[in-house]
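**Q** Chain A is fixed; fit chain B onto it per the hints.
Protein chains: 2
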Amino acid sequence: MLNQKYVDMLSKKSVIRQLSEFATARGKEIGYENVFDYSLGNPSVPVAPEFTEGLIELLAKEDPMKLHGYSPSLGIPEVKEAIAASLKERFGLPYTADCIFPTSAAAAAIAHAVRCVTVPGDEVLTFAPYFPEYNPYINDSGAVLKVVPPQTEDFQINFDEFLRMLNPKTMAVLINTPNNPTGIAYSDATLKKLAKILSEKQEEYGHDIFLISDEPYREIVFDGAKCVSASTYYDNSIMCYSFSKSLSLPGERIGYIAVNPNCKDAAKMVNMCGQISRGIGHNCPTSLLQLGIARVLDKTSDLSVYETNMNLIYNELIDLEFTVVKPGGTFYIFPKALEDDAKVFCEKALKYDLILVPADSFGCPGYFRMAYCIDTEKVKRSLPALRKFVETEYPNR
Amino acid sequence: MLNQKYVDMLSKKSVIRQLSEFATARGKEIGYENVFDYSLGNPSVPVAPEFTEGLIELLAKEDPMKLHGYSPSLGIPEVKEAIAASLKERFGLPYTADCIFPTSAAAAAIAHAVRCVTVPGDEVLTFAPYFPEYNPYINDSGAVLKVVPPQTEDFQINFDEFLRMLNPKTMAVLINTPNNPTGIAYSDATLKKLAKILSEKQEEYGHDIFLISDEPYREIVFDGAKCVSASTYYDNSIMCYSFSKSLSLPGERIGYIAVNPNCKDAAKMVNMCGQISRGIGHNCPTSLLQLGIARVLDKTSDLSVYETNMNLIYNELIDLEFTVVKPGGTFYIFPKALEDDAKVFCEKALKYDLILVPADSFGCPGYFRMAYCIDTEKVKRSLPALRKFVETEYPNR
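So the sequences go chain by chain: A and B.
Using my numbering, you'd call the opening residue of the first sequence number 1 and step up by one each time.
Using my numbering, you'd call the opening residue of the second sequence number 1 and step up by one each time.
Don't read these hints as lab results, they were simulated from the structure.
Given the structure is predicted, the values throughout are model-derived calculations rather than measurements.
Among the hints, a few may not be true.
Unchecked claim - Just so you have them, the derived chain A footprint on chain B, three or more residues with Cβ under 8 Å:
1) 4-17
2) 90-98
3) 278-285
4) 318-332
Note that the Cβ used here is the ideal one computed from N, Cα and C, for glycine as well.
One chain only, chain A, in its complex shape:
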């Protein structure tokens, strides 16, 4: 008998995926270059060449039995050491290999982190708007995801609502900065206030509250901003990292958990992650990718195109009098729709071959997301279509 829990999930198709499929189908009719597809967060710049060169060298020169052999269940020691050294250098905390657990990108990192610090029935708080895949990662563990309403003026944390929702069942808080879908990076003030509240609530409730920090967009920051790791502001924190965006390797499923070295249980939690992996048949990421990534930890793809695209789109949106907060990073922007129902708004945009994603499933109805990880040339060609859409469909606003 099939497990009905997973059968039921089949009927809930992702809006993003449906729109992406529409874009592909429309592309077959009119040429994909004419579809202004802002649906998917798929990097649009190639991986740093050093990564490819490194992998080819490993394949050509390394003993294949060593190269393709089992990874220890907690990760390849020299890879963990290299990651720890890089984090220590960049963020100034005393990371060691014992704090590091290589994972199949941020998805696995978050899924492991949640299982590590919650039991079924515990609550995990996150902040709207949020990445909808947090639902399956957390629901499947048995913990309960609770969503703090957004602060739409600036998309920083709505602390009043947060304080109202924190309770003794809150075992973890999940943040994502710079944020998908808003593109907003939390300010220093936001991160410090969050850490202060969590510290106080730990004391009050008499148990740890872990901060799970989803950081795949950490390196994609604009306007010369410093690359920050939100997880370094609070001792009981778990950094969930992926090379998917910074190195344009989304299909290679490679990332890591780094438990804050000032967390008293860091090494124990890494060991627990090994056991969580066993149970789900996950084990470690591939040996080849672990070794390949260890050689390019401080490299990124050329990420400048995202800021170029953001400025083009942001300026046009402002000119068209959209309500929108200027992104501080990522490759997303998150304007308010021009009517209450963003689904209707995005449906109308399809007539202009503009693929925009309504934000209902991100926990922020009335807004929409544009993923501008596409060629700048296409961004430029899309702007007249955006203008035509707005002027035709909303002439009297």
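**A** Just chain B, lined up with the frame of chain A:
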């Protein structure tokens, strides 16, 4: 607060791993070449060169954005098609891409299969001796693993015990042939009888019973035997495959689920696996490995060394009057220990630098496993040590 379920798992160290660690430590004292390490099932022959050449070509020539892009959540279509075509050709069933779900090797395949066809509290039957990692794969899903006692004369299925243990809560039966740890392949008669019983019990209980077939050793068969897939004998079956052993790629975590195309829910089950993956943050295996493996589906490493090693060891064991069934495949052999407590027996063997694994954790006390995936030259050097161990410790048996 840390999840105690995973904390508790930390104290249960794998016997195999402990022995392997002992072997490594002892190797540092006397040189690893002098430690007769039969502990780990780690392939000892290199990957087929076509695999390495194929990966290098992909890295050197393919568009990096395409090569490293997201895999669709059910796997890369052309990879699934290639796997289906290969299985159809080899095993004569009408496999299509819709039956195939690429996984992070057999561990993930089994973990997904169990979640697909059971709910917490359901029973999964397997046959002793069995691979101890089945415990975490199944326990973590909430299903209950029940172990049918062994038939030690030939290590085929003990059908009397099996029939006694089958009951309406049995939703799946998990087999592994050729088998770790015995090296025995189930006969045609065994597989047909198993299929007949399962068909009858489905009818009697009024629900499906799925056969989950763990087949990583399928290609390592001896004495000119035909490579068989046990999952082709029964419609409601799920093949769990890994390239870890046949291509010596254990660290690359690449394999697949192939649902029998005659199973009425095959395509639905593959879709469900996509949802199971989402929940555990697993997603698909890496794009690079999926594409790389698709080019060498019908290749293997040079596996002949395992039969050479088996014959050397088997003949010596027979000469030393061990009770042992001759393996039909794999790189394991499974003799009876020379005293009731195999742990004591294996402990004594350590004095002779022989690393043997007692089979208590495989559900078959009194036996031990030797993993002879080591150099033939070392196997030859180990035989005098084995003889000395037996003659010194058990002079009067």
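**Q** Are the hints correct? Go through all of them and say.
**A** Here is what the structure says about each hint:
1. 4-17: It holds, with 6 qualifying residues against the three required.
2. 90-98: With 0 residues closer than 8 Å to chain A, the region 90-98 of chain B misses the three-residue bar; violated.
3. 278-285: holds (count 8)
4. 318-332: violated (count 0)
Hint violations for this structure: numbers 2, 4, all remaining hints satisfied.
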